[in-house]
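**Q** Protein sequences appear in the order of chains A and B. Residue numbering for the first sequence follows our numbering, starting at 275 and increasing by one per position. Residue numbering for the second sequence follows our numbering, starting at 903 and increasing by one per position.
Hints in this document: simulated from the structure, not taken from any laboratory. Quantities reported herein were computed from a predicted structural model and do not represent experimental measurements. The C-beta atom is built at its ideal place from N, Cα and C for all residues, glycine as well. Possibly wrong hints are sitting among the right ones.
If you want a taste of the chain A side facing chain B, the calculated C-beta under 7 Å gives, among others [to be verified]:
#1 N321
#2 V323
#3 D338
#4 L352
#5 G395
#6 G397
#7 L405
#8 F426
#9 L427
#10 A436
#11 G437
#12 L444
#13 A483
#14 G486
#15 W487
#16 V491
A few chain B positions that, by computed beta-carbon distances, are all more than 12 Å from chain A [claimed, not checked]:
#17 S908
#18 E993
#19 T1003
#20 A1008
#21 A1023
#22 R1024
#23 W1078
#24 G1082
#25 E1086
#26 P1128
#27 D1144
#28 E1152
Below 25 Å or equal to it, Euclidean Cα-Cα: the simulated DMTMM-like pairs (lysine to aspartate or glutamate) are [as the list claims (entries may be wrong)]:
#29 A:K514 - B:E915
#30 A:K520 - B:E915
#31 A:K440 - B:E1046
#32 B:K1033 - A:E422
#33 B:K1192 - A:E511
#34 A:K416 - B:E993
#35 B:K1033 - A:D480
#36 B:K1155 - A:E418
#37 B:K1155 - A:E383
#38 B:K1048 - A:E500
#39 A:K514 - B:D1159
#40 B:K945 - B:D1159
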Amino acid sequence: MNELMVCGAAREIRDGELVFVGMRLPLIAFVVAKKTHAPNAVGLFENGVIRSTPAAELIYTMADPPNLLRATQCLDMLGVMSLLQSGRVHLGFLGAAEVDRFGNLNSTEVRSQSGLTRLPGSGGACDIASLAQRFVVLLEHKKERLPERVSFLTSPGNGDSAGWRKRVGLPRGGPAAAITTKAVLRFGEDGEACLASLHPGVELDDVLANTGWKLRVVDDLGQTAEPAAAELKAIREYDKERFWTK
Amino acid sequence: MTKLASLRDAVGELIPDGASVALGLQLEQMIPFAAGHEIIRQKKRGLTLIGPISDILFDQMIGAGCVEKLIAAWVGNVMMGSAYNFRRAVEQDGMKVFNMTNFTIALALQAGAMGVPFLPARTALGSDVTKGNHFFYQIFSPFEPKESLWAVRALNPDVTIVQVQRADTDGNAHCWGNFGVMIEGIRAARRAIVVAEEIVAPEVISSDPNRTVIPGFLVNAVVHCPYGAHPSPVQGCYSRDDAFFRQYHEQTKTPEDSNAWLERWVYGVADRAAYMNQLGACRVDELSVKQHAYAAQTDFGY
């Protein structure tokens, strides 16, 4: 399933785009896209690294030595964040503990009857969600992770409606897709998530029952395309021990 | 006059209880673990830790009781997820966290470095991270159009600690790899400690001034400490010890386990040399550079 998500993420990258890569599965998605349909995509990392080629071996963090070797540029965070703020970055990838109906993300804290669960925090997620031309989030599809409304809005999606981003002063952007372990959700003109495709073998009822609001479904609901041979090859050559894609 | 000092003296003299300390500014590279461990051994208390992300070092210092509050964008174990001491401190003991984002912590340090009270930003508008957080204040651009912005408050750490590849005894330092917010962090700091893998002659530094990211006049102490960033990597010196991060995750799930970890890796070793001895020659060898990759020469001649 992780391989399917990686391929889904890779296909969100268009050739020639500047992509804020992030960590975990999107890291491999960038590699797959570079080796298949988007050879001219450029990866930006918030530690200050800019790469026109993927790292030669698997990395666990964006600052692992292979991600610096033969990079295009190694400078500072303000530099890459300035590229983001000035609107030059096309796409950013994010993870989150919670994603809601309007594509807002929570990676800070969850309060429930059992008390407070403190999560690591925004890192650069809020900046990417605020400032990239569009963003894609990857997460496990579970009811508690897809609530009607996030309990803490770390990274802004579409707020509570279309037009919210403009109202609060955000210059652009918003969620393009949420790629889950069961399906792909896309965000329409009204800012709300809509079920766009089911992963192979997943039933519609399963997705609806595991989403925390009444999820709308597109008219022509399709199936998420299976990974192609070239994509699988790229993934398995890179993540040989299946650390990220097991 | 040489600024060369032992880590023990630098930490002892420059970091009083209650200080705000910025460290881990290069994100997952060159995290000054040796300096953090010396702070733990000296039982510093009431510290405010500042950093964008802090791959397990903040968690160790929190577990050791050094920390009163945090100004950070992300606290955890980058490879593995949660950091347990941090979670316990916030969930059970109500530790104060100023939730920043990577960009806004960079801007706060940059404002501090520039000597202005704030810098404007378009990020985090509509985000809850700004709520009840005195680093953010809503302003409107004085120029047309009157856009809404966050003023991000300047941050001047009492002490910034960085690990670099090489420095001279005056503190002029070369660093290569990713900088994160290190340069702003040094410029914004009231005092700075540079921990270097190697101490070199001033001529080595001045041979490549583009690589001098820290001018010595901003530095209070230079510490020679090879492997001072382990288990984080230092480009050209040693790789990331991924297994160490995995083991830390497994070995610190309860307070008792965390104390045992600190006993073994911090209190139980006198200094970094003893720590590396405990890590063992095999592991050190595994982490060493396997294939050197030198940059093209640069000609400063005229």
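**Q** List in ascending order the numbers of the hints, as given earlier, that are violated by the structure.
**A** 10, 11, 13, 14, 15, 16, 18, 19, 20, 21, 22, 23, 24, 25, 27, 29, 30, 35, 38 and 39
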